[in-house]
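Colleague: So the chains spell out like this:
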Amino acid sequence: MWLAFLRNRTAIAGAAIAVLIFMTAIFAPWIAPYDPLDQDPIFRLEPGNQEHWLGTDDFGRDVLSRLIWGSRISLVIGFASVLIGMIAGTALGMIAGYYRGRVETLIMRGIDVVMSFPDLILAVAITAALGATLVNLVITLGIVMTPGFARMAHSALLSMREREFVLAAQSIGARDRRIIFKHIFPNIFGELLVAATLWVGVAIRLEANLAFIGLGVQPPTPTWGNMIREGVDVLINAPGISVYSGLCILVTILAFNMLGDGVRDMVDPRLRGI
Amino acid sequence: MFQYAMRRILISVPILLVVLTLVFVVVRVLPGDPAVAALGDQASKEAVDALRAKMGLNDPLWLQYLKFLGSLCRGDLGTSIISGFPVAAQIASVVPFTLELTFLAVFLGYLFGIPLGISAAVRRNSFVDYFNRVFSLLGLSVPAFYLGILLILVFSVKLRIFPVVGGGEFWDLEDNLTHVALPALALGMMMTAYVTRMTRSSILDIMREDYVRTAHSKGLSDRKILYKHVLRNALIPIVALGGLYVVVLIGSSVMVEIVFSRPGLGKLLVGAIKQRDYTTLQSVMVFYAFLVVAFNLITELAYGLVDPRIKYN
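So the sequences go chain by chain: F and E.
Going by numbering that gives the first Met the number 0, the residue at position 159 of the first sequence is 158; the numbering climbs one at a time, nothing skipped.
Going by numbering that gives the first Met the number 0, the residue at position 174 of the second sequence is 173; the numbering climbs one at a time, nothing skipped.
In case anyone wonders, no lab produced these hints; they're calculated from the structure.
One-sided and incomplete, this derived list gives chain E residues near chain F with beta-carbon spacing under 8 angstroms:
{"hint": "1", "residue": "V17"}
{"hint": "2", "residue": "V18"}
{"hint": "3", "residue": "L29"}
{"hint": "4", "residue": "L137"}
{"hint": "5", "residue": "V141"}
{"hint": "6", "residue": "F144"}
{"hint": "7", "residue": "V156"}
{"hint": "8", "residue": "V246"}
{"hint": "9", "residue": "I249"}
{"hint": "10", "residue": "V253"}
{"hint": "11", "residue": "M254"}
{"hint": "12", "residue": "L268"}
{"hint": "13", "residue": "V269"}
{"hint": "14", "residue": "I272"}
{"hint": "15", "residue": "Y287"}
{"hint": "16", "residue": "V291"}
Counterexamples of contact, computed for chain E against chain F with all Cβ distances above 12 angstroms:
{"hint": "17", "residue": "G69"}
{"hint": "18", "residue": "R73"}
{"hint": "19", "residue": "E208"}
Ideal Cβ positions, reconstructed from N, Cα and C, are used throughout, including at glycine.
Work the whole structure out from these sequences, hints included.
Modeller: In structure tokens:
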């Protein structure tokens, strides 16, 4: 299984980029050449030069340093929200799929309702209601990620519960909990992991979208989405600010997509090469 | 078929009802007093109270809820508390822009995605295939609003081919198309990437089927097999799933509309949130949900129509 992953050059490249971005986020205080909040009113909107490699923004803040610090917000929100969505969604989907009946109807119809909103619209509405802080954004995107995982866990479990090994476990008197955690969950975990990897990219994109609308972590905190928005106001004079910060988002999402494709090939050999 | 369609429509009704309730609740928990938002911080307490009474905000919640449902049933979406225009008219005036953008993006996706996917599947593991994989990975990864900014930079600022912002005059064909070109391209990129991938994997799947091997063994040319046997079956799900793509793109169109300052539902929604315009906000959200439910329904029916293996029971 791991061999398949190691042979997949795209996945390796994706993993390498992801690790690099992680390192950047963790060691931001040591890598960043300047304080990301330090303003310098004299050198505003400087183009790239010896001192400021990527130039300065409208407040004279160093763009490179802000990009480096911005990686933290994107990664924290991307990972935390997918983790919340994965735990909540898997639990809901598995409860629905295992107990059937009214519980199932209630949970899955609820999921249908939440999915009746495009994900961005849902995120915009919840963020507006809760207020745009880091914790609230994680909660919001966690809620947005939940239905997908729930549906996936639900259908995976439905196909599992009719299988012989589950029947066998039931017939020797194993408890529900044991069957769910020991027999069923390990079998659907692979599928969930693939989705999680791919959806980290989705969560990062949603965060950037919210920030661009003005519903992200509030300025002056440097986030890539905030920087794109601030850059758009000075697009003609200093296109670099928007272009570079967008590039960071693009590369991060790309890395997780490459990684996700690789993990899928690893978990599900039938799809290899497709 | 007809029975099935009717039942699906009936199932959608309770979902929509819960959606309405959810929207009502979400809009009510939004921070800030809408009456203050409408009158400004300087307004006197009496004026705010009077407006609250007039907007029905002093009624108990259940009464507000019933009034909300009642007026929706009559097709009355209320009046914007900020602009004073009827919300239904506002939505009606921007919906053509949003739908035009979305449909055009879906169309572009099929136009480029299907040939790309076919060429990749036919010459598997060749340079063409490799290029396609890189292209579709990029297309799936780039946020539509970022692509929009890049397009503005290149085509509007540097080359000055297209207007930077706005939606143009909807019924003036030339004006409309020059304004929609870049937004549709920004949105269509993601769609093209989806369709390319789906087409490729769908064709490769079908090529493994027994009947394709049979066709080979009776000596048909590759070309004939591809067009007569493989493509017909491979493209059915892709085309039938068009409705689902519309749903995805309606969500993404919000960002593109904002980047290009193009009139549309997305711009209306974000404007309403910023101004705490409750009536507009709840109506736009309801309308989005309605569109999603409708297109999901259309997709399901279309899929059943083209694939007779799906049984209606």
